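Visitor: One letter stands for each residue in the lines below.
Number of protein chains: 2
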Amino acid sequence: MGRHTLEYPKTKTNTVRRKSDRASYALEAIHSLINSSPLLNVAFNTPDNDSPFPTILPMIGHMGSFDRPSADLGDPLDLYLHGYVSSRMMNLARSSSSSSSSSPQDKEQEQEQGLPVCISASHVDALILATSPFNHSYNYRSATLFGHATLVTDDAEKLYAMELITNGVVPDRWRTSRQPPTPAEMQSTSILRVSISSGSAKFRDGGVHDDRHDLEDADAQGKVWTGVLPVFSRIGDPIPTEYNKVDTPANVTDFVREYNKQNEEYVLAAAKK
Amino acid sequence: MGRHTLEYPKTKTNTVRRKSDRASYALEAIHSLINSSPLLNVAFNTPDNDSPFPTILPMIGHMGSFDRPSADLGDPLDLYLHGYVSSRMMNLARSSSSSSSSSPQDKEQEQEQGLPVCISASHVDALILATSPFNHSYNYRSATLFGHATLVTDDAEKLYAMELITNGVVPDRWRTSRQPPTPAEMQSTSILRVSISSGSAKFRDGGVHDDRHDLEDADAQGKVWTGVLPVFSRIGDPIPTEYNKVDTPANVTDFVREYNKQNEEYVLAAAKK
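Quick note, the sequences are listed as chains A and B, same order. In case it helps, full-length UniProt numbering puts the first sequence at residues 1 to 273. In case it helps, full-length UniProt numbering puts the second sequence at residues 1 to 273.
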């Protein structure tokens, strides 16, 4: 793979219907958005709960492939989740799957087992202030995945996912923190693997799009400020613990610098498109 | 109202089970978080879709009360939604409610009608880098609401919600942009009113919480940097359109200044708690 741009097939579930020119089905675009989001929104139903509502939990996760760790972002990948999970969700994922073996053949068989989930990640990149409230908008990037979540029980796969997710928060943080995990830590950490069925991304960039009748309205143009307010996420100066004995390592300072640079550059470039 | 701190009743649907000391059911805390979030995640099921998955859409919304516009954030409120809505969701909300009259009596009758939705908003306030990967965490604030969504068909209520939502993006933006909306704009704008059944909030603040055995591990403490990376959303300098003829108005410059000041102050104060 890598020679073709892989896309998720368009189905009833994932097809973007409104402003479809803003949609993308490319695995790389979708997986990149998921990986650059510090929190993912994970929706699922609780059939045992007498509740008509789906539930959304904010969780931490990262795309990866335990069977082929060198896979690219544009390859088919699983989503590994770890986060503020009520045991309710873990129980649902456990009860809806009989096995969590990771052999490719088993994976295929259990594809339609597991807890059906929807995962969403989004960034707001700018507030777009037009002449008319109706033409106000946001620049944004948003990705959605659909798949089946099962509990990872294999210790090697769990370790792979814990390293993947930790390094997704700060590059190289796994190796540079206390290793290895204790048996108690392994035991009390729960990881979900989501086999992805489909997905889509949607984005807006550019500036204000005013209607012609507003542009020709001298009264409105003489009164209304129009423009873009760029929005970006920033990381401030690292605050060491009182007992910290170590200089701030390069992986942390590099990460903070690159995070701030890349976010601001993307947002300002998108506003000018 | 206003003399008591109102809370959403704890039910099977909204009760926070894990780390319940981090939970809040206070209407004011939950509604404030919803209102301070530029994008809301809205989950719903699509029963006509042959799909086992709930869907999440990012949408723009604000808490309000059409019947009592002066209501406080701590009062029972509706959530008004407007956003990147596929017509699918609007159709579901339309087909699952026979009326969207806004008289209090009718509202009560239709409370259990409408499309069941879950709404979630979350802020990441800091990355918490502990000695062991297992004790890594985030400072965050997260709110969840459950309710039934119906399409607003009354023009006065629609106008109320459009003003509420626009002013939720930038204070006083409605009055300071081109008014009134054209009939075509009114016609093509869809607003959902969500009658809230229950909700909860969850948060973490403070610094690193390391286990005693890690604090006493001289080898680990000699190697691992521990501390907090504060994360905050910033708005950059306003970028006027090429055809803009108006000085940046005070409501915009005040908003940008206050947004940046409040976000950074909250995040740094939370890290020190």
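Hints were generated in silico from the structure; no laboratory data involved. Please read all numbers here as calculations on a predicted model, not as lab measurements. One should not assume that every hint holds.
Stated by the list, open to error - Across the chosen pairs, the derived CB separations fall in these ranges:
hint	chain 1	residue 1	chain 2	residue 2	range
1	A	Val246	B	Gln113	52 to 62 Å
2	A	Thr153	B	Ser70	17 to 27 Å
3	A	Pro52	B	Thr5	22 to 32 Å
4	A	Lys273	B	Ala218	30 to 40 Å
5	B	Asn260	A	Arg257	34 to 44 Å
6	A	Asp67	B	Gln179	37 to 47 Å
7	A	Pro52	B	Gly222	34 to 44 Å
8	A	Met186	B	Gln113	19 to 29 Å
As the list claims (entries may be wrong) - Covered stretches of chain A (in silico footprint by chain B; criterion: 3 or more residues with CB under 8 Å from a CB of chain B, positions within the stretch not fixed):
hint	stretch
9	63 to 77
10	131 to 141
11	237 to 246
12	253 to 267
What the hints assert, rightly or not - Only pairs whose alpha carbons sit at most 27 Å apart, straight line, appear in this in silico BS3-like list of lysine-lysine:
hint	chain 1	residue 1	chain 2	residue 2
13	B	Lys245	A	Lys245
14	B	Lys273	B	Lys223
15	A	Lys272	B	Lys223
16	B	Lys273	A	Lys245
17	A	Lys261	B	Lys272
18	B	Lys273	A	Lys272
19	B	Lys261	A	Lys261
20	A	Lys272	A	Lys261
21	B	Lys223	A	Lys245
22	B	Lys223	B	Lys272
23	A	Lys273	A	Lys261
24	B	Lys19	A	Lys273
25	A	Lys19	A	Lys245
26	B	Lys19	B	Lys272
27	B	Lys19	B	Lys261
28	B	Lys273	B	Lys261
29	A	Lys273	A	Lys223
30	B	Lys19	A	Lys223
31	B	Lys261	B	Lys272
32	A	Lys223	A	Lys261
Even for Gly, the Cβ is constructed at its ideal location relative to N, Cα and C.
Visitor: For the hint 19 to 29 Å, verify it against the beta carbon of Met186 of chain A and that of Gln113 of chain B.
Guide: For Gln113 of chain B against Met186 of chain A, whose Cβ atoms are near 48 Å apart, the range 19 to 29 Å is violated.
Visitor: Taking 8 Å as the C-beta cutoff, is the stated coverage of the stretch 253 to 267 of chain A by chain B satisfied by three or more residues?
Guide: holds (count 3)
Visitor: Between Lys223 of chain B and Lys245 of chain A, does the CA-CA distance stay at or below 27 Å?
Guide: 8 Å, holds
Visitor: Between Lys273 of chain A and Lys261 of chain A, is the straight-line Cα distance small enough, at 27 Å or below?
Guide: 18 Å, holds
Visitor: Should the hint that Lys273 of chain A and Ala218 of chain B are 30 to 40 Å apart at their CB atoms be regarded as holding?
Guide: For Ala218 of chain B against Lys273 of chain A, whose Cβ atoms are near 53 Å apart, the range 30 to 40 Å is violated.
Visitor: Do the beta carbons of Val246 of chain A and Gln113 of chain B sit within 52 to 62 Å of each other?
Guide: 59 Å, holds
Visitor: Has the given pair, Lys273 of chain B with Lys261 of chain B, been kept, meaning a C-alpha gap of at most 27 Å?
Guide: 18 Å, holds
Visitor: Thr153 of chain A and Ser70 of chain B, beta-carbon distance inside 17 to 27 Å?
Guide: Since the Cβ atoms of Thr153 of chain A and Ser70 of chain B sit about 55 Å apart, the hinted range of 17 to 27 Å is violated.
Visitor: Checking one constraint from the list: CA of Lys273 of chain B to CA of Lys245 of chain A, max 27 Å. Satisfied?
Guide: 21 Å, holds
Visitor: Would you say the stretch 237 to 246 of chain A counts as covered by chain B, given the rule of at least 3 residues with C-beta under 8 Å?
Guide: Three-residue rule met by the stretch 237 to 246 of chain A, so holds; n is 9.
Visitor: Has the given pair, Lys19 of chain B with Lys273 of chain A, been kept, meaning a C-alpha gap of at most 27 Å?
Guide: Cα-Cα ~45 Å, so violated.
Visitor: Does Lys273 of chain B pair with Lys223 of chain B here, judged by a C-alpha cut-off of 27 Å?
Guide: Cα-Cα ~26 Å, so holds.
Violated hints, in rising order: 2, 4, 5, 6, 7, 8, 9, 13, 15, 18, 24, 25, 27, 30 and 32; the structure is consistent with all others.
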